[in-house]
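Asker: Construct all of the structure, not just a fragment, from the sequences and the given hints.
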Amino acid sequence: MLKALFHILIFPGLLFLFIFGFFAEYVDRKLYARFQNRIGPPWFQPLADFIKLISKQEIIPEEADSNVFKLMPLLALAASSVAILYIPILGERSVFSFNGDVIVVLYLLTVPTFAYFLGGWYSRSVYSMIGAVRSLTQLFAYEVPLFLCILASAMLADTWSLSGIAAFYNQHIGYWFCNIIGFVVALICLLGKLEKVPFDIPEAETEIVAGSFTEYNARLLAFIRMSFNVEMVVGASLLAAVFLPFGLNLPPAAVFLCYLIQVLIIIAAISFLRTLFARLRLDQMINFCWKYLAPLAFLQVLFNLTLKVVLPR
Amino acid sequence: MHDLHDFEDVKIPIGPQHPALKEPESFLISLRGEKITASSVRLGYNHRGIEKACEERTYTQGLYLIERICGICSHSHSTCFVQAVEEIAGIEVTARAKYLRTLIGELERIHSHLLWLGVAGHEIGFDTLLMYTWRDREVVMDLLATLTGNRVNYGINTVGGVRRDISSKQKEEVLKAIDILEERTKYYIDLAKGETTLIKRLQGVGVLSHEDAEKLDAVGPTARASGIERDVRKDDPYAAYGELDFKVISVNSCDVYGRTLVRLGELMESFSLVRQIIRKIPDGPILIKSSRKIPAGEAVSRYEAPRGEDLHYVRANGTEKPDRVKVRAPTLANIQSVSKMLEDRYLADMPIVIAAIDPCFSCTDRLVAIHSHGDIPRANKELRGYALAGKNTIVWETLRLKGIEWYKNRGIDFTSLNEKLTKLL
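Residue numbers (the working numbering), protein chains in the order written: chain A, 1 to 313; chain B, 1 to 425.
Since the hints were derived computationally from the structure, they do not count as laboratory data.
Hints are supplied without guarantee of correctness; some may be wrong.
What the hints assert, rightly or not - Pairs of lysine-lysine residues, derived as PhoX-like cross-links and limited to a Cα-Cα distance of at most 25 Å, are as follows:
1. Lys234(B) / Lys280(B)
2. Lys22(B) / Lys291(A)
3. Lys35(B) / Lys291(A)
4. Lys326(B) / Lys234(B)
5. Lys340(B) / Lys22(B)
6. Lys423(B) / Lys321(B)
7. Lys35(B) / Lys22(B)
8. Lys171(B) / Lys280(B)
9. Lys200(B) / Lys291(A)
Given the structure is predicted, the values throughout are model-derived calculations rather than measurements.
Answerer: Pasting the structure below:
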């Protein structure tokens, strides 16, 4: 009981996620700034932003459904925080694990998007509503290729648990290279999930102010930003566990360091990708996802299925 | 169950305050899904009464006010105004002064186009382009500061010539800076021709056909991207443009991508123009002294500002102050075409389509319109009466008296000060 509480509240639960989330935001912002020839924020900027937002006066629009409006940021934060408990970050085993947790994690990562949708929709502002609809439309475009890529890698490992996947690839290092297409596609889909350029359509500043979050401020906005940070860390951890499972046999401290490095590599890749592109239009984004990403993901599934038949166990 | 088509169009307001807009103006856009079905523009949030204020000032004072019409093409407005005044007074400016005016004008074009490129990048979510171009723009801003003493409102023009000369050391600095900028611009041209997401967002967006551009009287890069070779520098050469060699850049793609290419091409032309000016600039005085009083007469002056043709009309009455000053900023000519460009486009294209004409709304605002929504506060009863009666104009004197009265009611009274001032003068 005490151990479970420790896992939920401290490591790898809330406290660790918050600290790592701030750090991830800092790395992302700093790298983004450096790529753009700017200086970028100091290391404590994300924390300072959080404290400032927390201490501001809260304003809830009169028209908004205040219960939903208040609940949704917390739901988003909670859902993405829970997901980390099923992702193996220290060695091959996650804190809690069962056969089928890969599906649970994927759906837990979908919950925040729905929370943003509902929060935006019930803010009753035109910008929020358009942003909310956009984030849901975008969800249908990137979700399928993302799921397919992660499930393809699970198929090859012949298990539906993330710990099992990590263990399998740790034992068969060579198989890791089979999932490279899947990794690239999943990384691009992660950009969509985190609503970053070129897929920041739901919060396109120059069109709809801040999309779903236009009416949010103070504490609730702080929670939304936090849940994005946590989502970024959890998403990167998921990709690291599924696609980059190396260094798991080292001593515990080294394994932890290895995990941090893997996650930071993925975050650096995200910030690099978002410096390179202009924001796509919604129709272009959906076209791109269904024309290129989904077929590539299917190719990965097909490839892994063939591999399973051809290669000896 | 509702049929999808039963839903009314969603109306979303863009402005008067909106992150996409740099100045207050208002667009009301009707949306069906992501498609724009109708759009309307409302100006008038930024009216400053500069034309009227010029009538109260001497020509030299007015010149500094005119320069502040626009924060970006300040030199365009002041040159245009001063050319009109010189025409009335019959002053022939020396060749060196003409070359200097042209030099500052071209440097201003460079800084304006680089600024536009950054803004366009931001509007389509390409912030890296914004950061890069604005960093490079600093080079030309610094150059303008060394040449004129100011980064934005240069204050170099005066009736009869220019106020600052250029030294041979400064000439070298200019050439050095132009080399850096040319190299960077080549990089941006490569980028515009190669970056897929950029092309995807710009190509086929905001189409203004050749015929529409003619009909709606588009000017500047907006017109030139629709295949109209219209450039005052070529058609009606002023300052030193008649002696310089340059091409009018025009493309036929009629879209925002074309407008981008035109501006990038014009940057390259500007670099060559600046080099020619530095090479050819003749020696001689830069200023001819002129009388403060300008003889009666009237003149129209045209100038190719970075945004398009700028037009000033000045009427003099033989005193130190003009009778009438009329400014037609390029945005006023282009704003009509925005509604055309937005037809059948997506909401996502709206910011870049508006930005593509490089609008400057404070230059354009000529009046404050009073709309009768019936909820104007009681204090403005009289104004409301005007609006309800469908009268859109108030005589200047009435408005002035009303202003004085309005302040008097709030305990601010300038009558005694005014009397003192009249005695002094």
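Asker: Measure nothing beyond the straight line between the CA atoms of Lys35(B) and Lys291(A); if it is 25 Å or shorter, mark the hint as holding.
Answerer: holds (22 Å)
Asker: Keeping to a limit of 25 Å between CA atoms, is the pair of Lys35(B) and Lys22(B) held or broken?
Answerer: holds (24 Å)
Asker: For the pair supplied as a hint, Lys234(B) and Lys280(B), is the alpha-carbon distance within the 25 Å limit?
Answerer: holds (19 Å)
Asker: Is Lys200(B) close enough to Lys291(A), meaning Cα to Cα at most 25 Å?
Answerer: Within the cut-off at roughly 15 Å; holds.
Asker: Taking 25 Å as the top limit, are the C-alpha atoms of Lys423(B) and Lys321(B) close enough?
Answerer: holds (20 Å)
Asker: Would you check the hint for Lys22(B) and Lys291(A), treating anything up to 25 Å between C-alpha atoms as holding?
Answerer: Roughly 37 Å between the alpha carbons, so the hint for Lys22(B) and Lys291(A) is violated.
Asker: Verify the proposed pairing of Lys326(B) with Lys234(B), using a straight-line Cα cut of 25 Å.
Answerer: holds (24 Å)
Asker: What's the verdict on Lys340(B) and Lys22(B), does the C-alpha distance respect the 25 Å limit or exceed it?
Answerer: Holds: Lys340(B) and Lys22(B) sit about 22 Å apart, inside 25 Å.
Asker: Straight-line Cα separation of Lys171(B) and Lys280(B) no greater than 25 Å?
Answerer: holds (12 Å)
Hint compliance for this structure: hint 2 is the single one not met.
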